[in-house]
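Below, each chain spelled out in residue letters.
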Amino acid sequence: MSERPFLVLGLYESAQQLVDAIHKLRPGYGERLEAYTPYPVHGMEKALGLPKSHVGKIVLALGLSGLVIALGFQSWVFTTDYQIQFGGKPYFSWASFVPIVFEVTVLLSCIVGAVFGMLVLVNKLPHYSHPILSSRSMPKITRDRFALAVSVSSAEEAAEALAALRGAGALETEEVKGTDEVGGGPLLPLKPVLATVVVCVLAGLGTWHLVRIWNDIPLIAVMDEQTKVLPYRDAGHFADGQSMRAPVAGTVSRGHEPLAELTPEEAGLRLVNPLAPTAEVLETGRRVYETHCLVCHGQLGDGKKLLSDKYTGSPASFHSSLLKDVPDGHLYQVVRMGKNTMKGYGKDIAPAERWAVVHYMRALQQALDASDADVDFAAGQPAPAAAQGGTH
Amino acid sequence: MNKSALHPAILPMLGLGALGVAATAFTDLPRFGVNWFVWSLALLAVALGSLFLVALEHLTRAHWSIVLRRVPERLSGLLPWLVPVFAVGATVGLLGGVFGWSTPEFRVAMETEHHQHAKAVWYATPFFLARLVVVFGLWLLSWKLLAGGSIKQDETRDPRFSLFAKRFSAPFMWIFALSVTITAVDWLMGMSPRWFSTIFGVYVFSGFFLSGLAGTVLGVLHLKGQGRLTEARPDHLYSLGGFLFAFSVFWAYAAFSQFLLIWYANLPEETFWFDTRLHGGWYPLTILLAVVRFILPFVLLLGREGKSDPRRLRLVAILVLAGQALDLYWIIVPELGRGVLLGWQELAFALAFTGLGLLLAKGQMGKGKDLPVGDPNLDAGLHYHL
Chain X
1 MSERPFLVLG LYESAQQLVD AIHKLRPGYG ERLEAYTPYP VHGMEKALGL PKSHVGKIVL
61 ALGLSGLVIA LGFQSWVFTT DYQIQFGGKP YFSWASFVPI VFEVTVLLSC IVGAVFGMLV
121 LVNKLPHYSH PILSSRSMPK ITRDRFALAV SVSSAEEAAE ALAALRGAGA LETEEVKGTD
181 EVGGGPLLPL KPVLATVVVC VLAGLGTWHL VRIWNDIPLI AVMDEQTKVL PYRDAGHFAD
241 GQSMRAPVAG TVSRGHEPLA ELTPEEAGLR LVNPLAPTAE VLETGRRVYE THCLVCHGQL
301 GDGKKLLSDK YTGSPASFHS SLLKDVPDGH LYQVVRMGKN TMKGYGKDIA PAERWAVVHY
361 MRALQQALDA SDADVDFAAG QPAPAAAQGG TH
Chain R
393 MNKSALHPAI LPMLGLGALG VAATAFTDLP RFGVNWFVWS LALLAVALGS LFLVALEHLT
453 RAHWSIVLRR VPERLSGLLP WLVPVFAVGA TVGLLGGVFG WSTPEFRVAM ETEHHQHAKA
513 VWYATPFFLA RLVVVFGLWL LSWKLLAGGS IKQDETRDPR FSLFAKRFSA PFMWIFALSV
573 TITAVDWLMG MSPRWFSTIF GVYVFSGFFL SGLAGTVLGV LHLKGQGRLT EARPDHLYSL
633 GGFLFAFSVF WAYAAFSQFL LIWYANLPEE TFWFDTRLHG GWYPLTILLA VVRFILPFVL
693 LLGREGKSDP RRLRLVAILV LAGQALDLYW IIVPELGRGV LLGWQELAFA LAFTGLGLLL
753 AKGQMGKGKD LPVGDPNLDA GLHYHL
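Heads up: the sequence lines are chains X and R, in that order.
With our numbering as the guide, the letters of the first sequence map in order to residues 1 to 392.
With our numbering as the guide, the letters of the second sequence map in order to residues 393 to 778.
Think of the hints as simulated: they come from the structure by calculation, not from any bench.
Nothing here was measured: the structure is a model prediction, and the numbers come from that model.
Here a beta-carbon is modelled for each residue, glycine too, at the ideal position from N, C-alpha and C.
Mixed in with the good hints there might be a few duds.
On the chain X side, residues computed to face chain R include the following (Cβ under 8 Å) [stated by the list, open to error]:
1. G43
2. A47
3. P51
4. H54
5. G56
6. V98
7. T207
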């Protein structure tokens with residue numbers, strides 16, 4: 001492409017000198033003038049008589065379309081295409097659409113409208129450069145000189161414009177050559193750009209189809225091939241093919257209770273109540289008893305159930321000589337394992353609570369069979385719990 | 393005709409309105425109370441919003457608004473006149489049980505209901521009065537320091553005041569934020585004392601600041617109409633218009649945030665407040681509020697030209713001030729539980745308080761010079777270009 005005179009530049013020392021020069025040259029050159037300054041100069045667009053930019057209209061149009069698209073799409077999805085109730089709200093709940101409407105409006109108006117509108121209208125895409133950027137004057141313009149440019153199309157015009165710029169007080173002048181009729185600078189190489197886009201799209205679609213047709217092709221082998229434990233498969237971590245290891249011999253797990261397998265009789269011989277019958281322990285025992293035991297064994301522990309007569313079981317009375325004589329460990333194990341139709345309460349009642357409820361059962365037994373001394377004691381003596389505390 | 397004279401309609405408006413206000417006081421005290429709250433808070437919004445604008449300029453070292461600063465400084469001079477207005481409001485509110493929290497019903501609720509119990513501390517009458525006195529004291533002090541000092545600077549030309557104002561405006565922001573929130577809780581949220589919304593203070597603040605801006609716009613245009621303040625060029629008006637636009641959007645953002653979360657969560661203890669306002673006669677008013685406070689200012693000020701066009705700005709400023717009164721009405725009056733009250737009483741209050749506001753603002757417009765000539769940065773403001 002042949003170069004030709006494209007524009008001439010006159011450099012001025014201050015913004016005011018530049019504006020004065022513009023006023024001098026405007027009658028003759030009008031729309032062929034353009035200014036380049038190191039910083040935005042107030043009132044420059046008025047001095048140059050620039051028309052109002054179209055970016056604002058583009059932004060408004062795209063913002064409105066964002067509003068319509070987001071509102072319309074959400075309305076369609078939530079009322080027609082895929083109805084889901086959210087929190088008992090109607091399908092068309094415009095208020096819940098607002099945040100997304102807002103986002104899409106901003107996205108389209110600012111990112112698409114303002115940025116792309118500016119790139120095309122102001123920055124003249126698909127031109128990716130401008131002759132002035134490679135001129136000698138450019139470093140000065142970005143520092144402290146104010147340039148007035150006149151676009152020209154022939155050597156004669158250039159000479160005339162240079163004279164006019166000097167006549168308006170330019171310190172220096174420069175003639176800049178360009179190639180293209182429209183923007184002067186080189187165009188983006190459209191064919192390679194388009195070819196790249198086409199190749200990318202084809203490669204993406206092709207890969208997608210390949211994966212759908214032959215979905216055994218390990219595209220991302222790293223994540224497909226990891227060693228992990230799957231149900232009913234050989235894990236492959238250990239020689240025996242198992243994924244879990246047995247604990248080291250003699251390991252006691254947390255919360256494990258030894259001697260769980262004892263019968264009540266054995267437990268009566270081997271377990272001793274570790275708690276003292278303090279007021280606090282008896283209170284815990286009472287609470288547990290009323291929660292779990294009372295419905296069947298009754299308020300007094302006499303086996304008079306509160307349940308309906310349709311329940312035909314006959315719960316034990318604690319006041320039988322048998323239960324009065326068995327040791328605490330026996331009662332403890334029955335609370336835990338259950339007996340006859342009584343279920344085991346081991347899962348519901350913690351060990352300390354089981355011992356506390358045994359104390360409470362003992363208290364119930366004593367209450368129905370109290371001696372005169374017990375009555376005197378209850379009438380105002382210090383509690384035996386306080387006296388006995390710590391002796392066990 | 394002498395241009396600085398009072399507009400001939402103001403005094404008849406004020407007189408006629410005052411008659412209606414007095415008649416309301418003797419016939420229907422609760423209605424008098426709620427309308428009094430609405431309009432005294434509307435005047436407070438203009439005065440306090442203006443003072444905030446002044447402090448904001450000092451705090452941010454803004455130069456462009458120095459040219460206009462005398463207008464909000466003068467408008468904040470409404471504050472001392474509001475002391476008797478609020479004294480009447482507090483008396484009626486407490487003795488007449490017009491505050492939502494001072495009704496006998498809620499006094500019992502604070503004794504007996506678990507969730508209301510904690511509010512008894514806040515809504516104890518002595519504490520409320522103490523808050524009112526402290527808050528007004530701080531406002532008057534700030535007004536004296538910021539606006540009074542600035543007017544004094546016209547004569548002394550002492551640049552130390554400008555430094556002082558910049559330092560003082562930082563603590564003033566704390567004073568302002570806390571006092572506006574307290575006022576919002578006592579006078580507005582307290583009308584419906586079982587209700588709560590954590591963004592409510594922000595919502596009320598945005599309305600106050602908008603009112604201050606709108607008052608400033610009207611004041612500047614009024615002075616320009618008299619051939620004064622010719623230094624305020626379209627560049628200055630544009631920035632003021634931009635502020636008005638931005639804070640109309642901010643009000644809508646705060647208002648919608650408050651609504652969306654409460655509406656979506658649908659908790660009975662929160663949602664009833666909006667339920668009242670979205671049904672029956674209040675629903676059209678809710679729509680009107682959104683139109684007047686957000687949609688119209690947004691559309692009118694969206695374009696570049698609108699922000700510096702005096703006629704457009706005047707229209708939006710009037711809309712904003714009307715919207716502030718409507719907003720307060722919409723917050724306060726539904727809590728009376730008597731439906732939409734729009735009669736001669738409301739008209740009388742609107743006339744009386746608009747007249748009072750114009751009269752007071754007009755009186756303030758003579759204070760000091762039109763430009764803060766003592767401000768060392770005034771020159772930068774005069775040469776402000778977009």
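Cross-check of the supplied hints:
no.	hint	verdict
1	G43	holds (7 Å)
2	A47	violated (12 Å)
3	P51	violated (13 Å)
4	H54	violated (13 Å)
5	G56	holds (7 Å)
6	V98	holds (7 Å)
7	T207	violated (42 Å)
Hint compliance for this structure: hints 2, 3, 4 and 7 are broken, all remaining hints hold.
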